[in-house]
Amino acid sequence: MSAAADAPARGRALTAEVPRWRVTLGLLARTPTAAAAALVLLTVVLVALFDDQLAPAGPNDVDVQARLQGPSAEHPFGTDDLGRDVLSRVLLGAQVSLRVGLVAVGISLVVGTLVGTLAGFYGRWVDSLLMRLMDVLFAFPALLLAIAVLAVLGPGATNAMIAIGITYTPVFARVSRAAVLGVREQVYVRASRSVGASDARLLLRHVLPNAAPPILVQTSVSLAFAVLAEAALSFAGLGIQPPAPSWGGMLASGRGFLEQAWWMAVFPGLAIFLLVLSFNLLGDGLRDVLDPQQRSAMEAGRRRIRSRGKAEAAADARGAA
Amino acid sequence: MTIENGGGDVLVSARGLKVHFPVRSKGLRRRQVGAVRAVDGVDLDIRRGETLGLVGESGCGKSTLGNALLRLVEPTAGTVTFDGTDVTALDRRGLRSLRRRAVMVFQDPYASLDPRIPVGRTVAEPLEVHGLHPGAQARAARVAELLELVGLDPGVAGRYPHEFSGGQRQRIGIARALAGEPDFVVCDEAIASLDVSVQAQVLNLLRRLQRQLGLTYLFVSHDLAAVRHVSDRIAVMYLGSVVEVGTAAQVAGRPRHPYTRALLSAVPVPSPGAERGRERIVLRGDVPSAAAVPSGCRFRTRCPDVFEPCPVVAPALADRGDGQLAACHLHGVVGERVPADVAEAGRLP
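Sequences listed follow chains E and V, in order.
Its first residue numbered -19, the first sequence is counted upward by one per residue in the numbering used here.
Its first residue numbered 6, the second sequence is counted upward by one per residue in the numbering used here.
Fair warning: there could be bad hints in the mix.
For the chain V half of the interface with chain E, some residues (derived, Cβ under 7 Å), not all of them [stated by the list, open to error]:
| no. | residue |
| --- | --- |
| 1 | D96 |
| 2 | R97 |
| 3 | R106 |
| 4 | M109 |
| 5 | F111 |
| 6 | A116 |
| 7 | S117 |
| 8 | D119 |
| 9 | R121 |
| 10 | V134 |
| 11 | H138 |
| 12 | Y165 |
From the derived model, a few chain E residues whose C-beta atoms are all more than 10 Å from chain V [said to hold, decoys possible]:
| no. | residue |
| --- | --- |
| 13 | W1 |
| 14 | R154 |
| 15 | V175 |
Think of the hints as simulated: they come from the structure by calculation, not from any bench.
For each residue, glycine too, the CB sits at the ideal point set by N, CA and C.
Throw the hints in and build the complete structure from the sequences for me.
Structural data, given as structure tokens:
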């Protein structure tokens, strides 16, 4: 009886000594979908790092004789219209797609969240000014805006990332502004202000962490859009310049051969699908693990819940005394 | 107009304090078309070491007054003095030191703690903000001390708010308020959201802390019974202005203002016999909007004893014997004449 009550208490003392981020990682690892997603992403990162060694053939080794061949032992993913090995190109394209996705979303996440947070927190003219600026960006069709930015900056992979980043900035500004508006009026923010906390402290300690979940979800969704936007820009000849391989570019060129050679489009498409799905699942997992309420539900075994009831009763008794 | 609340060392005092919220027209120009007079000319003294109960029905401006005393809302006019310094004129640094010495305990213990931060860090926030007890170990020790002070196990510092009951959360909120060793605590409906059994515990905790730490309380509540229980003196508010101030015994035993009388008659008495024999004063109508305040006496539209001077002379909060203040002409007409055009319109512009 007393041993059962002591055991969880010792468990708690242990978790208090383990750093928070390690507990977070541990919980994440125990969420099956998030763990699987993290594994896929890790694989993609490894592929991107060691693509030279992994690829069975050069990405631009043209063999016209062997063009449009279906999957075989020699070419597991088949060959494209110029006889290039699709597997090698998918492996080498991983780096491009990953980089475009992360950098472009990184730009819009940082700029958009900064703008939206300031607008939502300070309101009044700051809000009007910043959000009208965002509305101007938002008013353009996304692809048209990206093309316009590329027309100014010139085509190329780096500029494509910047263009996509700018395009998705207003989305982040809106999402974060709405979230911050909701959190700003919470009593705990007022309470923190009432003990003398500065604006910076309020924003960083209380407002942003509580406004984070929708922003996190938006990030994982946007990663997907960014990879696809890169495909569209590459298709228009403004993004990754051929013959360099990118999943989006391969998907776009494979579209024309869908009836003769499905493998040209399906394998890069599958790669995009896996990457995007993993980003989303990992984002969901992170959101749950970072929410204290969900977190203790996850941490809780039945033992823990029983012991908590006891601890609460004990604390109440202390209060009454 | 001078108000003498009768001796004692005054810690907080308000003079002619007004908090008006502008009402703007719709559309692009957003002209100001009026004002909600949440607090409209309040004079109040709070003595060192006392508990001043502030009662009134919802919407009468009592919470806004509490916030304005701490400058958590900016007063529109008037002054607030805290321990000799003018709060309304404080710069950024002065305001920070005020935030250490004058704090608030909030109504809803479920909303007043950040759900993403362990409660120990919530309690430590005033220490961090004001650079008190520097060093991780010293802070942790102080947090443990504070948790113990409010009757919680110091070992719970690492837990999150959702793991606590309402009463425990309110104790944590009180621990946060007391972390910077304040002199003055505004309890803004601090027990209103708690179960009745827990209310008594928290009230007793607040009283114990007051004795232990020499605190001064402004106890804002709509619960007259609770206020009578904890307060040394009671101030009654109606529609943005204080209508009666006196010791708890004076206000509860021999109310001078008809509004206080009506409030008291609405408090249930736990004895059927006494309840039956009691006179009940039921007020006519509703509280007027704080954006359209009646001229003269604010209470005249609902007062059972209204007579000639009420619409034309704004009653002053004057001594009606033994230091009990009331703003009512029944005890002699004292106050400022309302300008003719305002009296004509029947309400303040």
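Here is what the structure says about each hint:
Residue-level restraint check for V/D96 is violated (minimum Cβ-Cβ distance to chain E is 14 Å; threshold 7 Å). Annotation: V/R97 was flagged as interfacial toward chain E, and the flag is violated, the nearest CB pair being 9 Å apart, outside 7 Å. A distance limit of 7 Å between C-beta atoms decides the matter here; for V/R106 the minimum to chain E is near 10 Å, and the interface restraint is violated. A distance limit of 7 Å between C-beta atoms decides the matter here; for V/M109 the minimum to chain E is near 5 Å, and the interface restraint holds.
Taken as an interface hint, V/F111 checks out: its beta carbon lies about 5 Å from the nearest beta carbon of chain E, inside 7 Å. With a least beta-carbon distance of about 4 Å to chain E, the hint placing V/A116 at the interface is held under the 7 Å criterion. Hint status for V/S117: holds, given a least beta-carbon distance of 4 Å to chain E, under 7 Å. Taken as an interface hint, V/D119 checks out: its beta carbon lies about 4 Å from the nearest beta carbon of chain E, inside 7 Å.
The interface hint given for V/R121 is met, as the beta carbon of that residue sits about 5 Å from the closest beta carbon of chain E, less than 7 Å. Interface hint at V/V134: satisfied, since its Cβ lies 5 Å from the closest Cβ of chain E, which is below the 7 Å cut-off. Taking 7 Å as the C-beta cut-off, the interface hint given for V/H138 is violated, the closest approach to chain E being about 14 Å. For V/Y165, the shortest C-beta to C-beta distance to chain E is roughly 4 Å, which falls under 7 Å, so the interface hint holds.
The Cβ of E/W1 lies farther than 10 Å from every Cβ of chain V, with a closest approach of about 15 Å, so its non-interface assignment holds. Distance to chain V confirms E/R154 as a non-interface residue, since its nearest Cβ pair spans about 22 Å, more than 10 Å. Listed as a non-interface residue, E/V175 fails to keep its Cβ farther than 10 Å from every Cβ of chain V; the least gap is roughly 4 Å.
In the structure shown, a violation is registered for the earlier hints numbered 1, 2, 3, 11, 15, in ascending order.
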